[in-house]
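Novice: Under the UniProt record's numbering, think of the first position of the sequence shown as 1, with each following residue one higher.
Hints were generated in silico from the structure; no laboratory data involved.
Just so you know, these numbers come straight off a predicted model, no measurement behind them.
Every residue, glycine too, gets a C-beta built ideally from N, C-alpha and C.
There may be inaccurate statements among the hints.
Stated by the list, open to error - Ranges between beta-carbon positions, derived for each pair:
1) 448 with 96: 42 to 52 Å
2) 41 with 96: 24 to 34 Å
3) 415 with 198: 25 to 35 Å
4) 192 with 168: 20 to 30 Å
5) 415 with 365: 49 to 59 Å
6) 416 with 441: 28 to 38 Å
7) 419 with 455: 12 to 22 Å
8) 249 with 455: 38 to 48 Å
9) 104 with 40: 54 to 64 Å
10) 203 with 365: 29 to 39 Å
11) 66 with 107: 48 to 58 Å
12) 456 with 423: 16 to 26 Å
13) 138 with 415: 26 to 36 Å
14) 50 with 104: 50 to 60 Å
Unchecked claim - Derived pair list, reagent style DSS-like, types lysine-lysine, alpha-carbon separation capped at 30 Å:
15) 452 with 344
16) 411 with 399
17) 421 with 350
18) 399 with 344
19) 452 with 350
20) 399 with 350
21) 399 with 452
22) 452 with 421
23) 350 with 340
24) 411 with 340
25) 223 with 344
26) 344 with 411
27) 340 with 223
28) 344 with 421
29) 399 with 421
30) 350 with 223
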Amino acid sequence: MDAPRDDHRLAENRNGNSCDEAEGRLSKWPRPHPAPISAAEIAAEFSHNDPAVARVNNGSFGCCPASVLAAQLRWQRLFLRHPDEFYFSSLQPSLTRSRSLVLELINAAHLDEVSLVDNATTAAAIIFQHVAWSFIEGAFNAGDAVVMLHYANGAVKRSIHAYVARARGHVVEVPLPFPLSSPDEVVAEFRRTLGLCRARGRRVRLAVIDHITSMPCVVIPVKELTRICREEGVDQVFVDGAHSIGNVEVDVQDIGADFYTSDLHKWLFCPPSVAFLHTRGSSAATPRLHHPVVSHEYGNGLQLESGWIGNRDYTPQLVVPAVVEFVERFEGGLEGIRRKNHEKVVEMGKMLTESWGTLLGCPPEMSCSMIMVGLPGCLGVSSEIDAMKLRALLRDEFKIEVPVHYQSPPKDGEAAGATDKSGAMVTSYARISYQVYNVEDDYCRLRDAVHKLVRDGFNCIQSRSLHAIMPFNEVVLSSTTSDLFHP
Numbered sequence: 001m002d003a004p005r006d007d008h009r010l011a012e013n014r015n016g017n018s019c020d021e022a023e024g025r026l027s028k029w030p031r032p033h034p035a036p037i038s039a040a041e042i043a044a045e046f047s048h049n050d051p052a053v054a055r056v057n058n059g060s061f062g063c064c065p066a067s068v069l070a071a072q073l074r075w076q077r078l079f080l081r082h083p084d085e086f087y088f089s090s091l092q093p094s095l096t097r098s099r100s101l102v103l104e105l106i107n108a109a110h111l112d113e114v115s116l117v118d119n120a121t122t123a124a125a126i127i128f129q130h131v132a133w134s135f136i137e138g139a140f141n142a143g144d145a146v147v148m149l150h151y152a153n154g155a156v157k158r159s160i161h162a163y164v165a166r167a168r169g170h171v172v173e174v175p176l177p178f179p180l181s182s183p184d185e186v187v188a189e190f191r192r193t194l195g196l197c198r199a200r201g202r203r204v205r206l207a208v209i210d211h212i213t214s215m216p217c218v219v220i221p222v223k224e225l226t227r228i229c230r231e232e233g234v235d236q237v238f239v240d241g242a243h244s245i246g247n248v249e250v251d252v253q254d255i256g257a258d259f260y261t262s263d264l265h266k267w268l269f270c271p272p273s274v275a276f277l278h279t280r281g282s283s284a285a286t287p288r289l290h291h292p293v294v295s296h297e298y299g300n301g302l303q304l305e306s307g308w309i310g311n312r313d314y315t316p317q318l319v320v321p322a323v324v325e326f327v328e329r330f331e332g333g334l335e336g337i338r339r340k341n342h343e344k345v346v347e348m349g350k351m352l353t354e355s356w357g358t359l360l361g362c363p364p365e366m367s368c369s370m371i372m373v374g375l376p377g378c379l380g381v382s383s384e385i386d387a388m389k390l391r392a393l394l395r396d397e398f399k400i401e402v403p404v405h406y407q408s409p410p411k412d413g414e415a416a417g418a419t420d421k422s423g424a425m426v427t428s429y430a431r432i433s434y435q436v437y438n439v440e441d442d443y444c445r446l447r448d449a450v451h452k453l454v455r456d457g458f459n460c461i462q463s464r465s466l467h468a469i470m471p472f473n474e475v476v477l478s479s480t481t482s483d484l485f486h487p
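Please construct the entire structure, taking both the sequences and the accompanying hints into account.
Specialist: See the structure below:
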């Protein structure tokens with residue numbers, strides 16, 4: 001069933017679907033709206049966003065429209081009104097409804113391949129837990145490898161080390177250049193790394209491939225890399241697509257990975273937090289996958305295990321029908337949203353590079369609804385800490401929210417790094433996002449703020465201390481810069 005009405009009479013909900021849905025007689029998609037959503041209606045849907053902030057960082061935490069938040073509130077009230085009825089009658093059929101819609105969105109073959117979990121980090125823990133137990137129980141040999149990209153999400157990197165390295169697995173990182181000029185550079189480095197593993201006698205048990213790397217942000221040719229893994233004898237492939245659904249096309253059958261996850265709250269308008277985990281039906285590992293939070297459904301299949309991990313708020317998983325209704329209000333539906341967001345972020349990225357005299361971090365075809373924009377070298381970003389300083393300064397002084405990436409200068413023997421129009425080395429990039437609520441003024445504010453910093457002679461090396469401009473808890477204490485928080 002979809003979100004109930006506030007009066008709790010489920011004869012008909014806001015999508016126009018009747019309570020027959022609970023018995024399985026439901027339409028696949030909510031009824032389409034007669035006219036595309038207007039700019040005024042979009043603004044109303046996101047009126048809860050802070051109007052003072054130029055929010056060009058949808059990528060980190062996503063966004064949720066008011067109509068979906070209202071649907072979530074109705075579910076929450078239904079649970080609070082009669083928890084037992086909700087648990088025994090409504091929860092599982094409604095989760096199945098959401099999973100069915102996700103199946104359609106990602107072109108999965110079977111419903112039992114789709115589980116709903118809290119986020120992509122949880123999905124990664126499910127996969128890495130299985131790998132760790134395979135080492136512990138002797139199915140894998142000590143020293144067998146797990147391969148991941150150097151630009152993998154920091155939480156995923158830590159999870160791999162927490163589960164796999166502690167179980168005596170060997171962790172291998174694929175070095176990736178940045179800026180990038182072609183997907184061929186990614187493919188070449190990936191092939192080279194797998195070749196080195198083979199030459200050193202390491203069997204690769206799992207390859208972890210980002211569909212869209214977080215920081216720096218690049219769309220990875222996952223289908224091609226998955227094919228290479230099959231050629232090279234890699235046991236299994238896990239695609240971390242945290243940023244993918246709602247951002248790029250996701251066709252899990254076409255990609256062909258064993259496991260695929262993506263957050264629904266980043267680019268698909270769900271409230272935080274919910275993600276799907278797709279496990280390919282032919283995967284021998286599927287029956288041995290378990291949710292890391294063990295509850296009453298343990299051993300009954302990952303879909304049921306994930307559908308009940310104790311008393312908690314499941315409403316982010318239940319509002320997928322309301323989300324589908326929302327995206328269908330746009331011309332072209334989800335594909336139309338993706339296409340426009342991509343076109344606009346490229347347009348805004350080019351506007352910024354032309355104004356600042358810098359460059360994009362990758363060609364437009366390797367970007368999505370996010371793109372990396374070089375910042376002027378005179379800002380003096382020389383570390384991840386400096387990048388966080390600059391990000392905090394833009395937030396606190398200019399009310400602009402945008403992640404900043406530090407790119408270390410090339411080492412001896414490496415290709416020369418990128419420079420700006422003044423000849424200074426470009427060592428930092430802004431990761432800008434474009435979502436349906438954004439307007440051009442958001443990016444003009446970022447443009448003008450950076451120009452002001454340059455005019456004022458701002459330089460990270462000479463700036464005030466980190467803790468004077470940023471709360472201490474925004475930095476993850478670590479001896480390695482790659483562990484700083486970049487969702």
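Novice: Any of the earlier hints contradicted here, and which numbers?
Specialist: 5, 9, 11, 13, 14, 16, 24 and 26
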